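Peer 1: Sequences listed follow chains A and B, in order. Going by our numbering, the first sequence opens with residue 1, and the numbers climb by one from there. Going by our numbering, the second sequence opens with residue 1001, and the numbers climb by one from there.
The set of hints was computed from the structure by calculation and includes no laboratory data. Computed from a predicted structure; not experimentally measured. Where a beta carbon is used, it is the ideal one built from N, C-alpha and C, also for glycine. Don't take each hint at face value.
To spell it out: a stretch of chain B is covered by chain A in this simulated footprint if at least three of its residues, at any positions, have a beta carbon under 8 Å from a beta carbon of chain A; those stretches are [claimed, not checked]: (1) 1127 to 1140; (2) 1225 to 1232.
Sample of chain B residues with no beta-carbon within 10 Å of chain A, all distances over it, derived [claimed, not checked]: (3) 1052; (4) 1096; (5) 1241.
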Amino acid sequence: MAKTATLPPAPASAAGPRGDERIGRRNPLQTLLGRPEVGALVGAVVLFVFFALVSPTFTQPNALATILYGSSTIGIMAVGVSLLMIGGEFDLSTGVAVISSALTASMFSWYFSTNIWVGVLLALVVSVGIGYINGWILMKTKLPSFIVTLATFLMLTGLNLGLTRLIGGSVSSPSISSMDGFASARAVFASSVSIGGIDVKITVFIWIALVAVATWVLMRTRVGNWIFAVGGDENAARAVGVPVKATKIGLFMGVGFCGWILGMHNLFAFDTVQSGEGVGNEFLYIIAAVIGGCLLTGGYGSAVGGAIGAFIFGMANKGIVYAQWNPDWFKFFLGLMLLLATIINLIVKRRAELK
Amino acid sequence: MNAKEIDQQTLLKDEKDPLTHTPVHLLSLDGVGKHYGNIIALSDVTMAVDNGRVTCVLGDNGAGKSTLIKIIAGLHQHDAGVLNIMGEERKFGSPRDALDVGIATVYQDLAVVPLMPIWRNFFLGSELTSGFGPFKSMDVEKMKAITLKELAEMGIDLRDVEQPIGQLSGGERQCVAIARAVYFGAKVLILDEPTAALGVKQSGVVLRYVLQARDRGLGVIFITHNPHHAFPVGDRFLLLKRGKSIGYYDKKDITLDELTAQMAGGAELAELAHELEQLGGHGDVVKEVQAEVADVTHNRETSTESSPRHV
């Protein structure tokens, strides 16, 4: 490709059988290698084979369902975070925003003794609102998203702890399992579906659905085009009439929406929420997106990549347990994987582009 | 010099002024000026653009070329003189206003996103969609087909519209930007130094597309500092220096040598020769520059004689 790209285009008359000999050089394999998520896919396969060899229980259907569940709790957020990263920004407040959402639903319903669903809807407004505020401040001040979302991260951490103690008098939210609407909310956010005798958590399906929707948005809608554009070159996008502000704020709101789903799952899976939780999780989501081939600088990546990144995370997390290793090693493993995955991504991307 | 003195054949062929039924220019500037605070960036500039004609704006760095484009493209407002579109006085409040009357600008630092495929770039901001409401999706196949067709019509032979636009050469990217402006209904195309960062061969390619755009009936404003690029494609030439118009010529009234002489400025070259001489040790260079000075001075004399339009 590089060779032909430097040639000036021949005039139409001289083209003859137009471009035939030049297109022919790129075979389907190379096209596949050009996809953002290929590095992660290779990594996922290698990791899967590795754990399957080390631990026989790893490939049992029940174990797979557990791994998928673990992956989905990261993956749901990774969908929003991947899109945001393609749009050229990132969000450090996601981990605690999930807990804020769960706390809002729980505390509001409990304090005002309303139906749980009222709290759930309020939590949706709050979650999307946090995303909106993040995006709005970012666009108004033109500060880097690192600073803005770091500030929201700290503020939300404080609010989670402070308000929970102020309202409930404890560091965790009160149990809401006996309240109206708990059963139906649990069915929506935290139930299991039995497939061939194996219980698969509903979050796995929500995760897959979100990835499908996000992929469709990215590849097939105007908004998807805008997301790539604002991440790739904000000024160029603005010059051709792309609503840069709305796109970026929308992406933050999308992250908020994903946070709401995960927050509701956390709440209804356990019925109480620890107000100090969530700190540090934001990095897991970013790691999943980066392992999945999203460029940290924006403009490149895919939702499927983020999903594969989350799956890698899930495999490593549970695989260490199935292999009966000390889980102390997990973080080291995660760091090593992040490094390897990004290097593989880089090499694959360069080679695919040069050919 | 008044724009109305331009010979009649360069005027719009079928367009008439709705009030006076006399031929009008697609776009014309009359005595336009602009100052930023106490700095006069542009003063008393007169020029015209017509369908199927190329108006070149030449000038060195800081001559006021950028200010001129920004006024026409709606980024800045002029504070003296008149800007006419189809004989109607206008003052653009924003780039959107200018776009709405069909003035498209291809900036030097191209408005393309390098990592995105060509077809996505081509339709960026004006994507074609099909379907209803929340299920509205992009008509990808149609957009790819149109991109390929439009670029082919501009004479750009592309291998694959799926490849990232960053893989194209600078000249090809310029051409995609031009083709995009043409496709989206531009009447006036402003090209801001499209050949500045390009090699000889690439510049030739871009100049060919400038002519393609002209032949498709667009009025082209071609900004450059290179008379060798401007002369072959231009129909009119506006020369700017330090924010002032130092000449406005029809092609039949000026030769390439005269244009070059006007651009280079004999006095500056003489000064350079003097400076080099003082530094010493550059005998060959000094001789070369002195020869150039002689050449330029000679040309200037002839140009003054032969061109009654010289301001």
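Peer 1: Take the hints in turn and mark each one as holding or not.
Peer 2: Going through the hints against the structure:
no.: 1; hint: 1127 to 1140; result: holds (count 6)
no.: 2; hint: 1225 to 1232; result: violated (count 0)
no.: 3; hint: 1052; result: 20 Å, holds
no.: 4; hint: 1096; result: 8 Å, violated
no.: 5; hint: 1241; result: 29 Å, holds
Hint check: violations occur at hints 2 and 4; the rest are consistent with the structure.
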